[in-house]
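Participant: Below are the chains, spelled out letter by letter.
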Amino acid sequence: MPDGFSAGDTAFVLISAALVMLMTPGLAFFYGGMVRAKSTLNMLAMSFLSLGIVSVLWVLYGYSLSFGPDAFAGLIGNLDFLGMRGIGLNELAGTIPVTAFSIFQLMFAIITPALISGAIADRAKFAAWGLFIALWVTIVYFPVAHWVFFFDGGHGGWLGDRNGVIDFAGGTAVHINAGVAGLALCLVLGKRVGFKKDPMRPHSLPLVMLGSGLLWFGWFGFNAGSALAANGVAAMAMVNTQVATGAALVGWLIFEKLKHGAFTTLGAASGAVAGLVAITPACGSVSPLGAVAIGLVAGAVCAAAVSLKYRWGFDDSLDVVGVHAVGGAIGSLLVGVFATGGVGQTAKGLFYGGGLGQLGKQAMGVAVVAAYSFVLSWLLAKAVDKLVGFRVAEEVEVAGIDQAEHAESAYDFSAVGAGLARALPGLAAAASAGPSAGTAVEKSAEKPTEKAAGKAAEKTEVDA
Amino acid sequence: MKLITAVIKPYRLDEVKAALQAFGVHGLTVTEASGYGRQRGHTEVYRGAEYTVDLVPKIRIEVLVEDEDADDLIEVLVKAARTGKIGDGKVWSIPVETAVRVRTGERGPDAL
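Protein chains in written order, with this note's numbering: chain A, 221 to 684; chain B, 40 to 151.
One chain only, chain A, in its complex shape (with noise of 0.2 Å):
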């Protein structure tokens, strides 16, 4: 390998890719869960889907979008890594391969969209939300990765390596991109069949809380492998990750305690992420105390937060805009306070002598990541629902989206056949009710039997 290769590093960042890709079915556990039983497979699919065509797209333009040398002004990558192709085996970004921080970036453009999911649950044309992953990605989350995490010594991107706005994992590109990304969706689709009215209690907490845990454990990947190398700055990214989520815990169940009167199993995990959305943009710039006020702040403030879809009557169903666009702008302004001027960052936030400088920046991250998701977001949901129409039938949504989208069903704890297996060759003929179909069905059936009834004959020919 070339000079200025780290096998320590590398290792580091190859793991923690791994750890940020199982944050996507993580989440995908944390949303189903928290969806009616009979909507829950399309709320775990609507995730992986984004595990699939993002990845494909990575390669092909992604990657260079985000992360090729830059074409105007800080705004967007150029087209040299088109299909990857230049980048060879010894190929360097810092102290790792370029594939290395490639497949790492990849799982920060697969789970923002993922993320944007839960703002339409129950309700959305699968075909329609693979389409409308394909055109964010491309239009909004490739640009804003650009604006934000391309780093080339001043000729970056324009929100981070131009303006110093501070973002270590992602509270701006990931969070608030992916929360107002599902504000501007749950306005275009409306609201669900019965909102308000009917009863939507999440059918299983306990796979809500084993979403949260493997998020938990993957946004180790996600915060201390921003770092892109297996140094201090890294550690100390982990510490604050840890006990900023922990403080949020706790300040969710607080505040929920107080106005609702009972400590909930949803409010602890929801708590926890939301600790975890707003430590990510300020995981490398501040010191464990600095987090753990973030963290109690977020948690507290994005339990008030997730009221607000009542009040104000839209339906982010499962409080993508609370949880990550509010949390995410919590920590991103907070690193304007909390920055210590020490940890993997010089700039200094408010609270540290650095003055309103830092604070302002990052308002103005916050801002124009903001509303470029927010316009954006709602005129490609708006193109999609016009091309394809992105909700599904009123009859198709009250009846479970499950089985008109995917054909499947989540659960089946009935002993009682669920009904007649008409594609399996001998039970074909008693499900046919109707003489032409019966016709068709008993042909398809008997042709296994003869081929079978054939290979046995032969066997007993050579057997003689």
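For the record, the hints were derived by calculation from the structure and aren't laboratory data.
Backbone N, C-alpha and C fix where the C-beta goes; we use that ideal spot for every residue, glycine too.
A portion of the hints provided could be inaccurate.
[Said to hold, decoys possible] If we take Cβ atoms under 10 Å as the criterion, some of the chain B residues that face chain A in the derived model are:
1. Y85
2. R86
3. G87
4. E89
5. Y90
6. T91
[Stated by the list, open to error] Reference listing, derived: stretches of chain A covered by chain B, where coverage requires no fewer than 3 residues with Cβ under 8 Å from a Cβ of chain B:
7. 482-492
8. 519-527
Using the hints, position chain B against chain A.
Facilitator: Relative to chain A, chain B alone:
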């Protein structure tokens, strides 16, 4: 014959089963049910959203008995199911025209 139907609190099922066995009942059907009477339901909170869950879990028991045993059986059942608190449930009986044991084809009281 009579069909006795009882809707009771789930945690009283074992007591009721034991009492009916001691009474001499040979078989019964148990179903998980949900519903409400005067006690209505309870409140649950999810991320600040309060839901009144008015259907509470119940157990529904069905037993076939001969006419002369019906009143005694109801008494035994009610005694075993009672806690004295609201939500203890209901028991009722209706006449049954016929009953057949599927295995043997026996009819009437012989099928019980």
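Participant: If a hint holds in the structure, say so; if it does not, say that too.
Facilitator: Okay, the hints, checked on the actual structure:
This hint holds: Y85 (chain B) has a C-beta 6 Å from the nearest C-beta of chain A, less than the 10 Å allowed. For R86 (chain B), the interface hint holds, since its Cβ comes within 10 Å of a Cβ in chain A; the closest pair sits about 5 Å apart. This hint holds: G87 (chain B) has a C-beta 4 Å from the nearest C-beta of chain A, less than the 10 Å allowed. Taking 10 Å as the C-beta contact cut-off toward chain A, the hint placing E89 (chain B) at the interface holds, the least distance being around 7 Å.
Hint on Y90 (chain B) holds. Least Cβ distance to chain A is approximately 4 Å, under the 10 Å limit. A hinted interface residue such as T91 (chain B) counts as satisfied when its beta carbon comes closer than 10 Å to some beta carbon of chain A; here the least separation is about 8 Å, so the hint holds. Given as covered by chain B, the region 482-492 of chain A passes the check, having 5 residues with a CB less than 8 Å from a CB of that chain where 3 are the minimum. Coverage of a stretch by a chain is defined here by at least three residues with a beta carbon nearer than 8 Å to that chain's beta carbons; for the region 519-527 of chain A and chain B the count is 3, and the condition holds.
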